[in-house]
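In the order they appear, the protein sequences are chains Z and R.
Counted from 1, the first sequence has number 209 at position 209 by my numbering; the numbering is strictly sequential.
Counted from 1, the second sequence has number 141 at position 141 by my numbering; the numbering is strictly sequential.
Since the hints were made in silico from the structure, they are not lab data.
It should be emphasised that the depicted structure is a prediction, and the values quoted were computed from it without experimental measurement.
Beta carbons are placed, not taken as given, at the ideal position from N, Cα and C, and that holds for glycine.
There is no bait here: all hints are sound.
Here are the computed distance ranges between Cβ atoms for each label pair:
no., chain 1, residue 1, chain 2, residue 2, range
1, R, 318, Z, 214, 23 to 29 Å
2, Z, 93, R, 104, 52 to 58 Å
3, Z, 15, R, 13, 23 to 29 Å
4, Z, 114, R, 221, 42 to 48 Å
5, Z, 311, R, 299, 55 to 61 Å
6, R, 316, Z, 200, 23 to 29 Å
7, Z, 21, R, 248, 28 to 34 Å
8, Z, 21, R, 347, 23 to 29 Å
9, R, 146, Z, 144, 52 to 58 Å
10, Z, 1, R, 318, 46 to 52 Å
11, Z, 322, R, 83, 45 to 51 Å
12, Z, 15, R, 98, 30 to 36 Å
13, Z, 214, R, 202, 27 to 33 Å
14, Z, 322, R, 221, 25 to 31 Å
Over 10 Å on every C-beta distance to chain R, these chain Z residues come out as not near it, computed from the model:
no., residue
15, 66
16, 92
17, 101
18, 145
19, 161
20, 163
21, 201
22, 202
23, 256
24, 263
25, 302
26, 332
One letter stands for each residue in the lines below.
2 protein chains.
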Amino acid sequence: MVEPRVYEAMSQPIVGIFDPYFVAVTEDIRTGLRELFGTGNDFTFTVSGTGSAGMEASVANFVEPGMKMAVLANGFFCDRISEMARRHRAEVVRLEKSWGESFSDAEAQEFIQRERPHIVAFVQAETSTGVFTPGKSICDAAHKVDALVIADTVTSLGAMPVEVDRNGIDIAYSCSQKGLSAPPGLSPITVSPRAVERLRSRKTAVDAWYLDLQLMDEYFEASKKYHHTPSITLFYGLSESLRIIREEGAQNRWSRHRRAHERLVQGLKELGLEMLVPAGRRIWNLNIPVVPEGVSDASVRKHLIEHHGIEILGGFGPLAGKVFRIGLMGPLASEEGTDQFLSAFSEALAACGYRMPTLAR
Amino acid sequence: MVEPRVYEAMSQPIVGIFDPYFVAVTEDIRTGLRELFGTGNDFTFTVSGTGSAGMEASVANFVEPGMKMAVLANGFFCDRISEMARRHRAEVVRLEKSWGESFSDAEAQEFIQRERPHIVAFVQAETSTGVFTPGKSICDAAHKVDALVIADTVTSLGAMPVEVDRNGIDIAYSCSQKGLSAPPGLSPITVSPRAVERLRSRKTAVDAWYLDLQLMDEYFEASKKYHHTPSITLFYGLSESLRIIREEGAQNRWSRHRRAHERLVQGLKELGLEMLVPAGRRIWNLNIPVVPEGVSDASVRKHLIEHHGIEILGGFGPLAGKVFRIGLMGPLASEEGTDQFLSAFSEALAACGYRMPTLAR
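Please work from the sequences and hints to get the whole structure.
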């Protein structure tokens, strides 16, 4: 859900990309993003594309042909980043788990220690499974072998503390439409000083010109050198979203998402549903309960949208038909939003033949 | 200038990327783009990025490592596409001319015949110089040696007839913010059936995953397979812009731009200014007069924006300080728009010390 103020901001007249007003807008965005990423990185701005553009910018700029990239692979976006790394000619090694499972600190450390890669990639909030991985132990292990760490924070940024600096993440990217509640189309990215140093000492040019972070940096930094024409309208929207977040306070916003998540989990438990991921490993703004035995997830989702105007997603890949994926973020992450959803969901389950087990009652 | 209706369209609520309403919006856009490109190509949609993303998609998808790409190089964007091709590991050969000069049919043909490249690239409307090159003779020569042709139509689409099919262009890309008068952020692209065939028979994967046209096609075509999340808001804006163009009629819109251009050239001539590019080779919506002897282009531009609120651009690269670049497109390409500009420009020139030569008077 996008706030009305954000739609209003996007109807402001478009100005030139070197206009002092627009430059001020880009600076505001960078300041807001640093707070939400939890970083002091100068090198923080937006890539002109969606979350996958940020993912590919992270891969293309830090992989040189023949480098080894180690992926902690337990979901759809771990597979996507592996595929991108192969295309940019990395040697990809993977530690695999079933979708929905997490890596223990020891497993991650042992894998990184053994492989000694140039780059490690993990997904902090895996949209396909609901697993949250803060990343501190991964980053610690990676830095011991002098590897950089890329973290996918597409689903976490704005809804949960990402803590780039505290976790030791070198490169994190995200999107504008989930936790930030702006329209899709921009990909926030932040790069640590040690990763910037690595970037500046590359031996080969980045093959993806459009995603070349050093060229983008020359536009966003003082020299304002032309690279491409950013989408002024989307910057207006993101800037207003970040202003709304600043007014609430980042800590308050994160707490609100945690409370809505806990209320939802409790409600789902009372309905007799189990969560796919154990407590402590769950994303707050994307809740993934298991579809109860004998219930068709597609029928429930169809009923929800047709009778209540609420869209939730199903599982896909190995989780197809097995889970519901319930986004509860931005303005919707409230007591009322949660209760309204639970009431509709309970009705939809019943209409699709679900009978609560006696124990849960 | 973006029409108020386009801003209104962009404040429509965001829906999901598989929502039937959004699918209808994407189909409308594809139909509108085909008319303006002058093509029957099925493979016509938008890349989620600015014009340079469309440029790189064209290069990355049709270049395989070691292929030869021939560039007709007479301006800034010819250099940019050469740079991209090198990064995607093409062997780049160039026929060079000074900025502002055009290639004769014979020169282009002789170059292509001699080099026998896999791909030829040219810029139909070169923003840095004001030169327009329709491309028919280039395409004819390229097809004789079985090469594909990429055309940059960033500045021409929507303001001039691009005539993809009539000229024989295989791949054309553009942007949303110039001739189409929507906000920046999307890059329309069209691919001929013979180029699609070449794409399908690639031996290597496209290194730029985000710009992989076959993956995008799977989303835009019937299968609706997820690739990335397009910016719903920008699609609403582009769709409304194309509706406005349809209401006026493409032919009428092109004629209006031609008339405004002719009126402006006449007015500039009466002021004693010369155009950089000879008649018949000029872009209609981007007019490039030479800065008169003894006048500082920066002062004139500063005066124009401070006293009249009108922004025009200067030259850059080898044309720095030597030309003005005057965009006259979309709603502004009218008799009134032209006269208003000429009156302000004349005042600004005089204020900056320009005295009309006696002959021009």
